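2 protein chains.
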Amino acid sequence: MSGTASSSLQDHPLALPLFAPNRFRGKLIIVEGIDGSGKSTQLALLSQWLRSQSIAVAFSEWNSSPLVRQTMRRGKRKKMFTPTTFSLLHATDFADRMERYILPLLKAGAVVCADRYAYTAFARDVARGVDRQWVRRLYGFALRPNLSFYFRVPLDVALGRILGGRNAIKYYEAGMDLELSRNVEESFRIFQGRILHEYEAMTQEMGFQVIDATLSIEEQQQQMRSIVRKKLGKSLQIGTLQDGERRKNGSEEISTVL
Amino acid sequence: MSGTASSSLQDHPLALPLFAPNRFRGKLIIVEGIDGSGKSTQLALLSQWLRSQSIAVAFSEWNSSPLVRQTMRRGKRKKMFTPTTFSLLHATDFADRMERYILPLLKAGAVVCADRYAYTAFARDVARGVDRQWVRRLYGFALRPNLSFYFRVPLDVALGRILGGRNAIKYYEAGMDLELSRNVEESFRIFQGRILHEYEAMTQEMGFQVIDATLSIEEQQQQMRSIVRKKLGKSLQIGTLQDGERRKNGSEEISTVL
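The listed protein sequences correspond, in order, to chains A and B. Once you know that position 65 of the first sequence is 204 in my numbering, the rest is easy, because the numbers rise by one and skip nothing. Once you know that position 81 of the second sequence is 220 in my numbering, the rest is easy, because the numbers rise by one and skip nothing.
Chain A with its partners taken away, still in its complex shape:
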């Protein structure tokens, strides 16, 4: 088992050099957490704020590359995936976005906000039974994010948000391929519990900035902004002005590099 490291990768010269450092002008900010942790909302608010500071911001979502979209859809519909092929296709999607979208944006100096990153694969694929070391090496081509936020939320809170507010949970999303339970909600609960466990085990090793996702949206966002200011403020030329003062200024600067 891993996840016993006491702090971030930089402090562990003996740890696997999991990702290459980001040597580009642009910065990479990523959010992680189980479904229902509220991370996407927080990332959207953060990017609005960055844009209001005249910073070029671009988004990248998990599993969104056009390269494998059709295969993903078809494979899900026909339930064709094994844990290995599911993992490999997600890595293909990620590599495509990394090399053809994220890297050029970082080179151009943009802030790239990624909703989920390789850590999602580390959590989900391992929860699906894939070898932990194998999947980590699989993503060896990825860059180390400048900031990784992890939205920590108790399983029941997240499940309440998910089960209360949306359509039916899908087959792979619920981990139904693992035959954990014939009941979709029960399967989802077990599967999300495993994923949560993997996230928690990675928190220290990967140097996640942990946000308590049971706090109010405003409180979480203040924490995120404060961390961004502290960790990246200089390189992004983020001032310490109150949020409102420069609101909307520069919102036309949204990156269209790609």
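Calculated directly from the structure, the hints in this document are not laboratory data. Every value quoted in this text rests on a predicted model; they were computed, and no experiment measured them. Honestly, I wouldn't trust all of these hints.
A pair holds if it fits inside one copy or across any two, identical chains being indistinguishable in the list.
DSBU-like cross-link-like pairs, simulated, lysine-lysine; straight-line CA separation at most 30 angstroms [claimed, not checked]:
hint : residue 1 : residue 2
1    : K217      : K246
2    : K218      : K246
3    : K369      : K217
4    : K215      : K246
5    : K373      : K215
6    : K218      : K309
Place chain B on chain A using the hints.
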């Protein structure tokens, strides 16, 4: 010449445990070599012979899984691949065939004859600039073949066979994505040369049975059969009868396990 039993993986305790051993009843026989080495012809002849011995034989070809076929075609047509995504999609194809076709056949006791195996990725992807260790670990889910034949052929002989006898060489096949040359044939020559170099470098490490692919078809086939008899004869209950004596006997035994 190398590639004898003395250089097999088992004799190299310090080598990476690249593949898991095949613990199933069935046997896995694979052929490797650059385009134009004649390996597919030889594998077809070998499988005919095995079938004539009443042995259940199944085939698996490189890049043939239905899972990623459409993505492959579209990506090639639109030139969408990076070396990483090209490599990952081939691994996805391979994993799909491995887990849903080859493994069940081996469990059922069939002989699986694979035209190209992970070594093709090790040669081609590295020739394309992908990290050598990364791609080897990528295929960590594969089984170690019971017999791996490598058809050694000088570059010019192979090129003569390819360029003389077929349609236009395709974009990725010629390594045109690497911008080695604007001339397709020249690019193909350089790219195949790199692949050949990778194969040669792997020969001892991977325990290839090396066949001189400049010999006559008949001579090569006799060598293959002799090696199969020697290495797998008992487990396959291959007799030492002359080939003709049991010819066609049992040809209806062609495996239809899947």
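We went through each hint and held it up to the structure:
1. In this homomeric assembly, K217 and K246 come within 30 angstroms of each other (Cα to Cα) only across copies, at 25 angstroms, whereas the closest approach inside a single copy is 39 angstroms.
2. Within a single copy, K218 and K246 get their C-alpha atoms only as close as 38 angstroms, which misses the 30 angstroms cut-off; across copies the closest is 23 angstroms, which meets it.
3. Taking the shortest alpha-carbon separations for K369 and K217, neither the intra-copy value of 47 angstroms nor the inter-copy value of 44 angstroms comes in at or below 30 angstroms.
4. Only between protomers do K215 and K246 lie at most 30 angstroms apart by alpha-carbon distance; the minimum there is 27 angstroms, versus 34 angstroms within a single protomer.
5. In this assembly of identical chains, the alpha carbons of K373 and K215 never lie at most 30 angstroms apart, being 44 angstroms within a copy and 43 angstroms across copies at closest.
6. In this assembly of identical chains, K218 and K309 lie within 30 angstroms of each other by CA distance solely inside one copy; the values are 11 angstroms within and 32 angstroms between copies.
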